[in-house]
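Fit chain B to the given chain A structure using the hints.
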Amino acid sequence: MAKVKNANLDVCKLKEKAKEIRISTIKEIAHLGKGHIGGAMSIVEILVYLYYYQMNINPEEPKMEGRDRLVCSKGHAGPSVYAVLADKGFFPKSWLLTLNKGGTNLPSHCDMTKTPGIDFTTGSLGQGASAAAGIALGQKIKDEKSFTYLILGDGESQEGQVWEMAEFASTQKLGNLIAFTDFNKMQLDGYTRDVICMDNIDTRWLGFNWHVQRINGHDFSELHYAVTQAKAVKDRPSMIICDTIKSFGYAPGVGTVSNHSMAISEEDMNNAIKALELEG
Amino acid sequence: MSAKSTNNVNTTNTSKANASKAVNKENNYRDTSDFVDMKDALMAAIMDLAEKNSDVVMLESDLMKCLGSTCFFEKYPKRAFNCGIAEANMVGVAAGLSSMGFVPFAESFGVFSSRRAFDQFFLSVNYAKQRVHLIGTDPGVVAQVNGGTHMPFEDIALMRQIPDLIIIDPSDAQSCYDLVVQAYESGHSSYIRLARKGVTHRYSVDKTITLGKGIVLSEGKDLSIIAEGEIMVNEAENAVRLLKEKGISAELIDMHTIKPLDTKLIEKTAKKTGKVLVCENGRYAGGLGEAVAAHLSKTCPTLMDFVNVGEKFGEVGDLKYLIKTFKFTAEDIALKAEKLVKA
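Protein sequences appear in the order of chains A and B.
Start counting the first sequence at 1; every next residue gets the next number (this note's numbering).
Start counting the second sequence at 1; every next residue gets the next number (this note's numbering).
These aren't lab readings, by the way, just hints derived from the structure by calculation.
C-beta: ideal position from N, C-alpha, C; glycine also.
A portion of the hints provided could be inaccurate.
Calculated lysine-lysine pairs in the PhoX-like style (CA-CA distance at most 25 Å, straight line) [stated by the list, open to error]:
no., chain 1, residue 1, chain 2, residue 2
1, B, 78, A, 142
2, B, 75, A, 173
3, B, 129, A, 142
4, A, 173, B, 78
5, A, 140, B, 342
6, B, 52, A, 140
7, B, 78, A, 234
8, B, 78, A, 63
9, A, 101, B, 78
10, B, 244, A, 140
Derived DEER-like restraints, expressed as beta-carbon distance ranges [as the list claims (entries may be wrong)]:
no., chain 1, residue 1, chain 2, residue 2, range
11, A, 142, B, 65, 22 to 32 Å
12, A, 33, B, 147, 18 to 28 Å
13, B, 148, A, 171, 27 to 37 Å
14, A, 88, B, 77, 52 to 62 Å
To spell it out: a stretch of chain A is covered by chain B in this simulated footprint if at least three of its residues, at any positions, have a beta carbon under 8 Å from a beta carbon of chain B; those stretches are [stated by the list, open to error]:
no., region
15, 156–169
16, 200–211
17, 230–236
Okay, chain A solo, but in the shape it has when bound (with noise of 0.2 Å):
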């Protein structure tokens, strides 16, 4: 994948705003002491870009008319869209801390009849697939020029409605569906490859004929160029695979497969922020 170059990114600020979301994220865990923090930090740049470089959104009007929409259809990764959604002022940074306990507005996925600015309930894996392609739908009866952008996990992938969706979506020429597959190759009993192969995940979406790109997930630049040329693809919904790194920043998840929901303690938290501090 090349590398662009546009004025208009500033990488080390997306860069800085990402470490941010991240340190928000583990607190968030942390404070409840237990959460699905492998998930949550392999799609933090994916999160950042969209929503500090790329859509069209008003915190203070969240179902503004027109928006672009994103789903994020592996719910479970609610606590660091949580963490984009509060920074951007959809709600106060307080709620964080509220995470999954009871009468919280953030439940552990994402719900769009609790907290400001998801645009739609997912925790079923595979449902938000469906979702989104009606929502693109939607835009597109309607005549926006905005996009709906859906984020999919590579286990969520399994789901045999994903695909149910793709063949919709590619036969509806959903041009304004952006989708991400968040490769991080780990799923909650292992890796993906031991327990269902998703190696060919490329060419499964070329083969529902999409558009299909494959980049670093956790590259700004290469984010950018992606979603740019996704854009630019009318007759076809767009699918970027993003290579992720599965608890990425947080050290002790990574390279483990028992990082999909874990516990972390205070001094975890505390080890986790310095490091992450420490990068510079």
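This is chain B only, laid out in the frame that chain A set:
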């Protein structure tokens, strides 16, 4: 009352749904008295709603020709989508469209709408507080020659698990039209359970049919028969005549809305007759019978009996054979009613 059927599905349906017809002046409801199929009444309601409301969209699952929704696809090509044989995705797409402000009507055979796409309808639509009208055709034994694989006996039970969902099973063309319009106007999601082919004409366009309010078809004093759906109401109506010949006075209620249940009417009739027989084209567990029994056990414990498919799976056959096999005939209903009265 007459029941007619036609094999000329598409032509009939398209022309009926588009035809300019007499209307009930008060509600603007279309007169359905010359429709030959239940699906004509359904599509007429959807077409009329779509004409007045630009938010109405139609989703199909490769059964457009079976339902006759071709008329919608022809008139509103930008608001109609064939999702292919992928019901889970269809319902998910409907949920997404709802979040964009549209009100989708999504259609499949009842077994697929309910069993196959249940999780999507439960979570993406209802849990997420979206608004979708899910049509499940060929309920219970109506699936006939498509056989046991296509025979939804449990769709009522499944749909009853969804909070705030409306469930309707109209017994004739006019009630189908009126209730579909009212389901749309309610602002809730709904499950619309109905046969496609052939239709009974029981109510005139001037009859007041209200969502959530059962209709007393005949007053009686010895027992109450509560029936749902076209087949059971038809058979129960004949059973009432058979019972009358034996000197038994049966009250008959068309419970066209299964949820919300007309508990007021159920209590009233139970208190009046003291015996209740519930007839449904489906399974007892989770069905209308269980719902009525549960309510009466709290408010007015009543001796009851039930006509339903019991523990059986569906099987292939024509309607006459199936009604006999599952003991849905007027004679079967009358026999149970008689025993209940004597109990």
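We went through each hint and held it up to the structure:
1. 78/B with 142/A: Holds, because 10 Å separates the two Cα atoms, which is no more than 25 Å.
2. 75/B with 173/A: It holds: about 21 Å lies between the C-alpha atoms, which stays within 25 Å.
3. 129/B with 142/A: With a Cα-Cα distance of about 21 Å, the restraint between residue 129/B and residue 142/A holds, given a limit of 25 Å.
4. 173/A with 78/B: Between residue 173/A and residue 78/B the Cα gap is close to 13 Å, so the pair holds against 25 Å.
5. 140/A with 342/B: violated (64 Å)
6. 52/B with 140/A: holds (21 Å)
7. 78/B with 234/A: Distance of about 18 Å is within 25 Å: holds.
8. 78/B with 63/A: holds (24 Å)
9. 101/A with 78/B: Distance ~44 Å between residue 101/A and residue 78/B Cα, so the pair is violated.
10. 244/B with 140/A: This hinted pair is violated, its Cα atoms lying about 60 Å apart.
11. 142/A with 65/B: 22 to 32 Å: The hinted range 22 to 32 Å holds for residue 142/A and residue 65/B, with Cβ atoms some 29 Å apart.
12. 33/A with 147/B: 18 to 28 Å: The hinted range 18 to 28 Å is violated for residue 33/A and residue 147/B, with Cβ atoms some 53 Å apart.
13. 148/B with 171/A: 27 to 37 Å: holds (32 Å)
14. 88/A with 77/B: 52 to 62 Å: With Cβ atoms ~38 Å apart, the hint is violated.
15. 156–169: This one holds; 6 residues, not fewer than the three required, reach chain B with a Cβ under 8 Å.
16. 200–211: Answer violated; 0 residues pass the 8 Å Cβ test.
17. 230–236: violated (count 0)
Of the numbered hints listed earlier, those contradicted by the structure are 5, 9, 10, 12, 14, 16 and 17.
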